[in-house]
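Line order of the protein sequences matches chains R and H.
Numbering of the first sequence is given in this note's numbering, commencing with residue 1 and proceeding in unit increments.
Numbering of the second sequence is given in this note's numbering, commencing with residue 1001 and proceeding in unit increments.
To be clear, the hints were calculated from the coordinates, so they are not data collected in a lab.
Note that the structure is predicted; figures quoted are calculated from it, not measured.
There's no promise every hint is true.
Derived Cβ-Cβ restraints for the label pairs, each shown as a range [stated by the list, open to error]:
1) R:F188 <-> H:T1265: 53 to 63 Å
2) R:V19 <-> H:L1224: 14 to 24 Å
3) H:L1162 <-> R:R267: 34 to 44 Å
4) H:L1058 <-> R:L49: 25 to 35 Å
5) R:I23 <-> H:A1212: 35 to 45 Å
6) H:G1261 <-> R:I18: 28 to 38 Å
7) H:F1037 <-> R:A59: 45 to 55 Å
8) R:I23 <-> H:T1265: 53 to 63 Å
9) H:T1265 <-> R:V19: 31 to 41 Å
10) H:E1211 <-> R:G11: 16 to 26 Å
11) H:E1280 <-> R:N242: 25 to 35 Å
12) R:I18 <-> H:V1203: 16 to 26 Å
Within a straight-line C-alpha distance of at most 20 Å, the following computed SDA-like cross-link-like pairs (lysine to any residue) qualify [what the hints assert, rightly or not]:
13) H:K1030 <-> R:F192
14) R:K234 <-> H:L1109
15) H:K1098 <-> H:P1262
16) R:K72 <-> R:V207
17) R:K100 <-> H:I1104
18) H:K1245 <-> H:L1202
19) R:K133 <-> H:L1109
20) H:K1309 <-> R:K234
21) R:K223 <-> H:L1278
22) H:K1309 <-> R:A25
23) R:K223 <-> R:D63
24) R:K72 <-> R:V235
25) R:K72 <-> R:S60
26) H:K1245 <-> R:I116
27) R:K64 <-> R:I116
28) H:K1309 <-> R:L216
29) H:K1245 <-> R:L215
30) R:K64 <-> R:N39
31) R:K100 <-> H:S1031
32) R:K234 <-> H:Y1251
33) H:K1030 <-> R:N105
34) H:K1245 <-> H:L1109
35) H:K1030 <-> R:F170
36) R:K102 <-> H:K1030
37) H:K1310 <-> H:Y1251
38) R:K102 <-> H:L1051
39) H:K1098 <-> H:T1082
40) R:K133 <-> H:Y1059
C-beta atoms are modelled at their ideal positions from N, C-alpha and C, and glycine is treated no differently.
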Amino acid sequence: MVEQRKGFTSGLVFVFLIVALVIFAFPFFILIINSFKSNGEILQSPFSLPSSFSFDQFASAIDKMNFLVTFKNSLLITVLSTAFILLFSGMAAYYIVRVKTKFNNTLFATLVAAMIIPFQSLMIPLINIYGAKLGWIDTAPMILLIALYIGFGSSLSVFIFHGFIKSIPFELEEAASIDGCSPKQIFFRIIFPVLMPTSVTIGILNVMWIWNDYLLPSLVLNKDNLYTLPIQMKVFNGTYMNNWELLIPAILLTILPILVFYLIGQRMIIEGITQGSVK
Amino acid sequence: MSEQRCRSLIPFIYIKQGVMIMRGKNSGLKSLGNQVFFTGPTLLFFCITLLIPFIYGLYLSFTNMTSPISPMEFAGLESYRTAFQDTKFWSAMWLTIKFVAATIILVNLIGFVLAYLVTSGMKGQNFFRAAFFTPNLIGGLVLGYIWQFIFVQSMPEIGQKLGIEILRLGWLGDEQLAFWALVIVTIWQSSGYLMIIFIAGLVSVPGDIIEASTLDGASTLRRLWSVVLPMMVPSFVVTVFLTLKNSFMVYDLNLSLTNGGPFDTTKMVSMHVVQKGLIESNYSVGQAQAIVLFVIVAIITGLQVYFSKKMEVEA
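Chain H on its own, in the form it takes in the complex:
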């Protein structure tokens, strides 16, 4: 209606920002038409990608469907029984839990150390921050191919030249070492991301608290342990949640670096579900295992957020 005036108002509003003109409801926003206009698209896309497939997936897990064209017959808990009896599923789950534990500890530790060092106020710290973050831009799939070259072609050469036995071995051909190869690549990729989150937390630790503890004669380590770390709990809530979720879901890296090998010993749960459902054409059982995975992830992340929120201290 008054489009021209509305446009001309913008600079005025910027200047007068915060100046109260009149109290009252934003009249006219609350209406069915606006509800549909503003939230309709998100609701629609959310339904077609998440809500409907999720509910449909629950239903699917109670049928005995094997392939996309086979008829869906209700089979009760049959798929879940088969899913629970699948020992390979549980060994993949156990391996994933070990992977989650290793990455949560190491990625957070290294991310925090990096953040602590690049906030010490030295020259060039922005450069270091930018550099440590770079691996995060590379997707899991390509990451695996890059490190394959390093583990297969480059490391044995270094081991040979320097006489370091552990580097000479073919890491990806050994069950234990291939697992640690996955952990190392994850550290290389994600610690820079967590570093950025920790930096935001470290910067917001009030300077006067640090100063007070220094005046009280606290050593650097003591200050880190008793003053800085407790203030960092909110950051750790975020970083542990992120590593937990990403490590549980790891698929691309698993596929490209080890492809589950040697002899399926590094096959993690996501890969197991993908293969069960899509490659072995076992839709219902794969779906039931995917639901089990969802429940486990939901419980663990829920507990993590609940308990770590309790640990937060008031600044």
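This is chain R alone, in the form it adopts within the complex:
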């Protein structure tokens, strides 16, 4: 009898999960079936299957949103920012853990405390300093944006690295030190490689944030050949309001790269998120 009840419960769980899955997948399903349809077909019924699979709307959206250039901008900004965040935060976290001076403790506390500063309270000063005063928004927007991402990313990244470096046995470094490795060599040849799984975690968190970020890049990148995918999507939506046959393929194209990234690294991503939240 107990067995029977167990079977009943797990059946119920399964049914519930399937229902949840349908609800979660519904928006994706709607987008995909409508991406092949013309405006007339979409307005007639968003649920009908497309009468023919034409990629014309996709081609048109790729062309109109300057997809390749926009994609390249997003990729460049995300990859470079993340790489620098990992390198610099790893270095800083290592030094803070191993050299416990008052200065380093204060630095760490400040970095952690800064996590609760809302972007909105930095936005106006940032524009004022780097736009009106220094003019970097006009002269070097890409470099400025990446520099700002490195700054904004350092808080959380140093915090997570800090938690993991604490668990690396000190003997590793002692052995290397006796063998004549300089502190820099120790970090780059021993500590950084050991930190690889943590770097993956932190890298994923940063990629997800930077790739999808809208407000900061929209304030810094003013020329349309520098737009990232979210900015382009905003502009595109303004230009083609309610023109769903163009908007839906554009939406799909915008989310496709990150979904492919997820599909490839799914296991690592889920694992990484788990690790990142526990520490």
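Fit chain H to the known structure of chain R by using the hints.
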């Protein structure tokens, strides 16, 4: 100096990991040169993006600056007075607090239920986990456009076909329903993320405690309430903090799904600050409101972490 040896040492170190060779300080690490080399870059970028702008922003809120080129004259608490008298700011703040409350409860509840179900040991649970997490990869801005299509084009059609009145209405055109539309989209996006955090917590609940409670004859619900949930407090500290912070800061979704409409009734505080400062060119007042927002968020998150840490039980 001995780069070659250093490299050759690595595999050796991996094997001998944990074997103590000599006790002592990592000599040579603590020096001004190393301090600059290791912490310098982070310190520099932290200063130019967070520290300096934050202090400069505080100063700015005590001036009467209106646009990027206008002169900065010290005006004391003038901007704060204007900021506090701005009724639209407070209505946006109140709406944001309602949004925060609704999302904290619903996103955590649904995230926890999902986590509980996908750790019950059934087949295919990894697939479900991966699927529920997927919406989290989509940024707030694009999310809004996706759901606009659903609320504007798809739901009325379903309502019509199935005869469900509530679905037939144009949700984004109605003050109350547009608010709930924002909540629903937030649930769709974030509950998968919280699910992952809850899974980590659920997996670490010791099996013997569960077993003991089962032997004592506790029902499933009773076990969930008296055994599992108290052990999950550390997870809830993290998830409530995350939802609190994200919901207070919501901007992208607000902009793309409702754009504050209808008639500014769903304009939340972030959007209000952005518009006040940048679009209405009211730098000082916008900045003062941003500082007020910061103080409120800092107090609430501080209290949340403090009180929930107190609730944690020793495993």
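Here is what the structure says about each hint:
The hint said 53 to 63 Å for the Cβ distance between R:F188 and H:T1265, and at roughly 55 Å that hint holds. In this structure, R:V19 and H:L1224 meet the distance hint of 14 to 24 Å, their C-beta atoms being roughly 21 Å apart. The supplied range of 34 to 44 Å is met by H:L1162 and R:R267, whose beta-carbon atoms lie about 39 Å from each other. The supplied range of 25 to 35 Å is broken by H:L1058 and R:L49, whose beta-carbon atoms lie about 58 Å from each other.
Restraint check, R:I23 to H:A1212: a C-beta distance of roughly 37 Å satisfies the suggested window 35 to 45 Å. A hinted range of 28 to 38 Å holds for the C-beta pair H:G1261 and R:I18, which are about 36 Å apart. In this structure, H:F1037 and R:A59 meet the distance hint of 45 to 55 Å, their C-beta atoms being roughly 51 Å apart. About 27 Å separates the C-beta atoms of R:I23 and H:T1265, a value inconsistent with the hinted range of 53 to 63 Å.
At about 32 Å, the CB distance of H:T1265 to R:V19 agrees with the hint of 31 to 41 Å. Checked against the hint of 16 to 26 Å, the pair H:E1211 and R:G11 passes, with Cβ atoms roughly 24 Å apart. Between H:E1280 and R:N242 the beta carbon distance is about 27 Å. The supplied range of 25 to 35 Å therefore holds. Range check, R:I18 to H:V1203: about 23 Å between beta-carbon atoms, so the 16 to 26 Å window is met.
At most 20 Å may separate the alpha-carbon atoms for a hinted pair to count; H:K1030 and R:F192 meet this at roughly 18 Å. For a cut-off of 20 Å, the pair hint linking R:K234 to H:L1109 is broken: about 32 Å separates their Cα positions. With a C-alpha separation of about 17 Å, the suggested pair H:K1098 and H:P1262 falls inside the 20 Å cut-off, and the hint holds. Under the criterion of a C-alpha separation no larger than 20 Å, the hint pairing R:K72 with R:V207 is consistent with the structure, at around 15 Å.
With a CA separation close to 38 Å, the supplied pair R:K100 and H:I1104 exceeds the 20 Å bound. Note on H:K1245 and H:L1202: the hinted pairing is violated, with a Cα-Cα distance of about 23 Å set against a maximum of 20 Å. For the given pair, R:K133 sits about 47 Å from H:L1109 by alpha-carbon distance, which is inconsistent with the 20 Å threshold. The straight-line distance between the Cα atoms of H:K1309 and R:K234 is roughly 41 Å, outside the 20 Å bound, and the hint therefore fails.
With a C-alpha separation of about 18 Å, the suggested pairing of R:K223 with H:L1278 holds against the 20 Å cut-off. At roughly 36 Å between alpha-carbon atoms, H:K1309 and R:A25 are farther apart than 20 Å, so this suggested pair is violated. Our distance criterion of 20 Å between C-alpha atoms is met by R:K223 and R:D63, whose separation comes to about 18 Å. At most 20 Å may separate the alpha-carbon atoms for a hinted pair to count; R:K72 and R:V235 meet this at roughly 17 Å.
Straight-line distance between C-alpha atoms of R:K72 and R:S60 comes to about 18 Å, which keeps the hinted pair within the 20 Å bound. As the CA atoms of H:K1245 and R:I116 are separated by approximately 8 Å, the hinted pair is consistent with the 20 Å bound. For the proposed pair R:K64 and R:I116, the alpha carbon gap of about 39 Å is over 20 Å, so the pair is violated. Between H:K1309 and R:L216, the direct Cα distance comes to roughly 33 Å. Violation of the 20 Å bound is thereby established for this hinted pair.
The hinted pair formed by H:K1245 and R:L215 meets the criterion: a straight-line CA distance of about 16 Å does not exceed 20 Å. The hinted pair formed by R:K64 and R:N39 meets the criterion: a straight-line CA distance of about 17 Å does not exceed 20 Å. Between R:K100 and H:S1031, the direct Cα distance comes to roughly 12 Å. Compliance with the 20 Å bound is thereby established for this hinted pair. At most 20 Å may separate the alpha-carbon atoms for a hinted pair to count; R:K234 and H:Y1251 meet this at roughly 13 Å.
This hinted pair checks out: H:K1030 and R:N105 have alpha carbons roughly 14 Å apart, not beyond 20 Å. Distance check on the hinted pair: H:K1245 and H:L1109 sit about 17 Å apart at the alpha-carbon level, within 20 Å; holds. A C-alpha spacing of about 15 Å is found between H:K1030 and R:F170, which places the hinted pair at or below 20 Å, so the restraint holds. The suggested pairing of R:K102 with H:K1030 holds, with an alpha-carbon distance near 13 Å, which does not exceed 20 Å.
The suggested pairing of H:K1310 with H:Y1251 is violated, with an alpha-carbon distance near 32 Å, which exceeds 20 Å. For the hint pairing R:K102 with H:L1051, the CA-to-CA distance comes to about 19 Å; that is within 20 Å, so the pair holds. For the hint pairing H:K1098 with H:T1082, the CA-to-CA distance comes to about 24 Å; that exceeds 20 Å, so the pair is violated. Distance check on the hinted pair: R:K133 and H:Y1059 sit about 15 Å apart at the alpha-carbon level, within 20 Å; holds.
Consistency with the previously given hints fails for numbers 4, 8, 14, 17, 18, 19, 20, 22, 27, 28, 37 and 39, ordered from lowest to highest.
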